[in-house]
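Participant: Place chain Y on chain D using the hints.
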Amino acid sequence: MQVGKEKLLWMYEKMVEIRHYEETMAAVYMEGKLPPAIQKGLAFDIGAGPVPGEMHLAAGQEPVAVGICAHLTNDDTVVGTHRPHHFAIAKGVPLDPMTAEMFGKVTGLGKGKGGHMHLFDNAHKFSCSGIIGASMPIACGAALAAKKLGKNWVAIAFFGEGAANQGSFHESMNLAAMWKLPVIFVCEDNQWAISVPKSKATSIEWVADRAAGYGIPGIRVPENDALQVYEAVAPAIARARRGEGPSLIEIKTDRYFGHFQGDPETYRPKDEVAQLRESDPIPRLAKMLKEKNMLSDIEAADIAVTVHQRVKNAFDFARHSAYPNAHDALNDVFVEDSKNARALV
Amino acid sequence: MKNNRILTMAQAISEGIAQEMTRDSNVFVMGEDIGSYGGIFGATGGLLEKFGKERIMDTPISETAFIGAATGAAAAGFRPIVELMFVDFFGVCMDQIYNHLAKNTYMSGGHIKLPVVLTTAIGGGYSDAAQHSQCLYGTFAHMPGIKVVVPSNAYDAKGLMIQAIRDDNPVMFMYHKGIMGLPWMAFLEGSSNAVPEESYCIPFGVANVVKEGSDVTIVTISQMVQKAVLAADELAKQSIHAEVLDLRTLVPLDVAAILKSVRKTGRLLIADEDYLGFGLSGEIAAIIAENLDSVQLKAPVKRLAVPNVPIPYSRPLEQFAIPQVQNIVLAVQELLVKKPALQAVA
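Residue numbers (my numbering), protein chains in the order written: chain D, 1 to 345; chain Y, 1 to 346.
These are calculated hints, taken from the structure and not from any lab test.
Among these hints, one or two may not hold up.
Simulated pairs of lysine-lysine, DSS-like, Cα-Cα distance not exceeding 25 Å [unchecked claim]:
#, chain 1, residue 1, chain 2, residue 2
1, D, 5, D, 290
2, D, 151, D, 200
3, Y, 53, D, 148
4, D, 148, Y, 302
5, Y, 50, D, 180
6, D, 180, Y, 53
7, D, 7, D, 290
8, D, 148, D, 180
9, D, 151, Y, 53
Keep in mind it's a predicted model, so treat the numbers as computed, not measured.
In isolation and in its complexed conformation, chain D is listed as follows (with noise of 0.2 Å):
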């Protein structure tokens, strides 16, 4: 398959700028959370800091989101996870009123009700949910839409491997072949469900092999390389389009750091990051990319300058945004409609 250098430039930018995202984010999260800024005996405190509660960052898995949505246009649906920065990024979702909703602003994407977990971002048709293997349900419906339209639209529901031990997943896989639904169910399989390793939680080595079971493709993508994961995907996808339905695709990625901030991972085999990151994607891309000569140093150190200043801008954006006025909290629990009539377009 041949991709072109537009296409990959924009998937090595993005990781670029996924990463810088969660580093940035993973320095300023333990603002105002360490001793001792907080409650004497405490090692650290969650709700405390300018981003409070749980916090899960996707460095190291940026090939998932950036493989996949090098494939999609502003009409497709992307549905995230609760580790969802990577997925927002990739399908274009603004980043100051993304990080303004993780500050708890009211210039946040859901005006600082949601935070981190849950993005909506309508313009680009993204969502996310806090719950595992919520994604696989809601694509189905985003995919349906598309099908009763009549458009070529896909819906990508992204979720762990652990989430594929979920009923949703059997419901959505199976819903999916038999209504034949433009979503691609993407499972991104970093090893670790929290704590536990896949070994111990899944029945089989390939959640991918199970797509035998709904009767429809299931695609192995062995390595965390955004190539890779974009050359695999391209079926799928193409199939979708063709209105042939739903593929299943797996792919193996890494998890940088724990599951959210503050993970002491005691789980985990001390060396096991250190190893993962020796195969980073991001100088892998880069290293590919010179080779081809797509990419000097001199450009890739443009790009270093200009992601990161998107992202300080972002968190500057965040930061200096007001608060929402607490009284808000009453509202948007429904949609303010003229009550309760529609008029018809």
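Facilitator: Structure of chain Y alone, referenced to chain D:
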């Protein structure tokens, strides 16, 4: 009203859906056995023939998948109606209902519209036991993010259904099996009534005074409205005049109508087929308690509901657990002999 046809509640619901489907091509129906069967309780009768299988979609037994798909399709601009065959089955799909359908609008800061109507059958009285007989509207009304509509008769059911489909928010539309007018289940006949052929809406949050009275207010909903009317008729023979207030929707709740009626009568009975504990009857009682500065009670508030037991199977057990017409009559009689709740300190 030129068209005074008598319809069953099932017929009225399917007629309302059909009229909206004709008006709005974004409306479609998904669920188990809603196609050629017409819905186990008849709520989608005749729709497959009218609209075809692209818009009347029988699903696999996969409530999580198809209710979640309704959320996804609604976010993309459609207005799905999805049927959860019995409300008791919510346990297999509650995550999609409560964590997604009910919350995504709020978590998106109001940017995501989810116009989904979730229809479901409720209620007992026909010996279907603990897993097929609950009401549970209190459970869904307890949790924010879903409007809860529980009609008591065919006329209301059609207007409320059309209103539900046009609402831009998730609506749970809960129909009691014992008032659907099914040919295979005894029903309270007051639920079948005159239904105009033309389309009409009944706004949410407007309770209906089904029967006016001055001695006692019976606040109720769903099939229990029909039981309360029968009880009120019997009480009238004893010169006791009960006012029967049909809430019609729990979310939004017509608090003003409850207060207005109880201010007038000074006595309140809440007649409910849901569980007694932490539910509808307690909520109404609390509203009265919070307004005692403007409500003069002539007797303490009384509640009739299913005692906190699962719905039993055996006929005498079930008839005991679910409040009956005679229980309402007795409860009202007791209210009338009771002393005032609050007496001036001598």
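Participant: Give a verdict on every hint.
Facilitator: Hints, verified against the model:
no. : hint          : in the structure
1   : D:5 / D:290   : holds, 11 Å
2   : D:151 / D:200 : violated, 41 Å
3   : Y:53 / D:148  : holds, 12 Å
4   : D:148 / Y:302 : violated, 52 Å
5   : Y:50 / D:180  : holds, 24 Å
6   : D:180 / Y:53  : holds, 14 Å
7   : D:7 / D:290   : holds, 15 Å
8   : D:148 / D:180 : holds, 12 Å
9   : D:151 / Y:53  : holds, 19 Å
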